[in-house]
Amino acid sequence: MFQNRAESLALALPAALFAAVVFIVPVLILLSEGLRLGGDWSLAHYVSFLSTPLNLTVFIRTLKLGALVTVAAAVIGYAAALCIVNLSSRNRGRMVGLIVLPLMISPVARTYAWIVILGRTGIVNQALTSIGLTDAPLRILFSETAIFIGLLQLFLPLMIISLVSALENMPRDAISAARVLGANWLQVFWKVILPLTKEGLVIGGTLVFTGSLTAYITPAILGGSKVLMLETLLYQRVTIANDFASASVIAMILIVMSFSANLLLKRLATARAKR
Amino acid sequence: MTSRFVSSAILTAVITFLIGPFFIIVAASLSAGDTLAFPPRGISLKWVLKVFQIESFQSSFLMSMGLAIFGTLTALAIGTPVSYALARYKLPFGETIRTAVSAPIIVPGIIVGLALLRYLVIPFGFNLTLALFLAHTALVLPYAVRVVSASMNNLRSDIEEAAVLLGCTRFGAFVRTVLPNIRGGILAAFILGFVTSFNQVPVSLFLSGPGVRTLPVDMLAYLETTYDPSVAALSALLAFMSIGIVFLAERFLGFSRYV
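In order, the protein sequences belong to chains R and H. The letter at position 68 of the first sequence is residue 86 when you use the working numbering, and the numbering goes up by one with no holes. The letter at position 149 of the second sequence is residue 132 when you use the working numbering, and the numbering goes up by one with no holes.
Hints are computed from structural coordinates only; laboratory data are not their basis. Take these hints with a grain of salt, some might be off.
[To be verified] 25 Å max Cα-Cα, derived SDA-like pairs, lysine to any residue:
#1 H:Lys73 x H:Phe116
#2 H:Lys29 x R:Ile135
#3 H:Lys73 x R:Ile135
#4 R:Lys244 x H:Lys73
#5 R:Lys244 x H:Thr18
#6 H:Lys73 x R:Leu281
#7 H:Lys73 x R:Thr288
Remember, it's a predicted structure, so these values are computed and weren't measured experimentally.
Chain R on its own, in the form it takes in the complex (with noise of 0.2 Å):
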């Protein structure tokens, strides 16, 4: 540990100074018009946008989804997880390679496959209405459900990559000790399994769970104009009615809800240094 204090600061500097005028500054502007009315603050924009249906309505959808998104990863890592980590050590870095790899792929493009596979003539609809259980196509596209399936597919990796290591750092025996003492799967799941890898589910959540509510592309894309997420419906407000204090009071919504959920992490990570 080196002790100069000019030196340190000297390396830190242009880092610091950068973050500060490019992003810090300029975001807490940028949250602070929210508060203004004329010349003082005031909580009126707040107050205005929470109470108009649509905005409202807004809100909840991105909630629901954010929640429902996060629930279904978990459900889906888990099944994932619990297989993977029985795996042999070389197929098990092979399995993991390939739910990393949609990671490295254009979420435009990811997105945009959902496209072929949802839309009125896509595959979805062709199997369908072939087996006879539609008699016309079913609008999924622009809608909540393909939302939905867009975010699952995005952030999925995320939650079965800490879900992996959450299980492979817990005692092996627990498991087999479990079952020899006689508990059913279900058992084992909610008493061994579930507290044992509590910490790596609550990462796995936090990440699909902001993820979910910043999401841009898939909401644009797979919900068009009509289905809005709080995310495009800054753009909107912003592109269409140059209406900053909506924006505003959206960013501040995005980023209690991002910066609760990573101070939650935090927390989790301190009490596991502590232990």
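Got chain R sorted already, so can you dock chain H onto it with the hints?
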């Protein structure tokens, strides 16, 4: 036996859900038809070739490449010293500085872009290319600090102390003992930063104008007006590019150790 069957069924389903859409994009881009469809109507390379003829894609590709390369290099140039200071010194306000340089990862990109547009571009007359460069640098900075910090923490500090005791200057000790040891971490940070910046949309959304646009934003705009398979072809090409970069990095660097 049953559980092995169930296990492979689950994994096959998950992999199909995650990677299947990518194969559909590749197949659709090889279509000889004029609209996006799967299964493709006939096989041809015409949409793949068309991508190279669309002029706006050429300029936005160059823009994205430039931003990803120079933004990431700048983020590393300012991120490596701060990571070093955080690891080796009792840095005053260390935690505050760490939070400040990592914050862009927590704040949604669209907000960074809007804030830059409103408070730097408009009042100070910054041009959009410069604003995009600053936005992409800010976006990559947290990754650079995180990856470089991780490899710095794995490195014992006594070798530099020894170099200093043996008469090296502090800077000389850094260049001769630290830099060679964190080279892999810096390369990993570069690749991660490059891919993140190149694929990024929200941060660049508000910061575009005539002739100034990143490739993914340009693709989104093209999608709004046209329904032909050229975007599918472009997506497939870009995906192969990203996978290729990451594959090579993994092969030669063991990239995943750092991320």
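>> Let me make sure I understand: some of the numbered hints might not hold for this structure. Which ones are they, in numerical order?
In response: Violated hints (numbers, rising): 1, 3, 4; every other hint is consistent with the structure.
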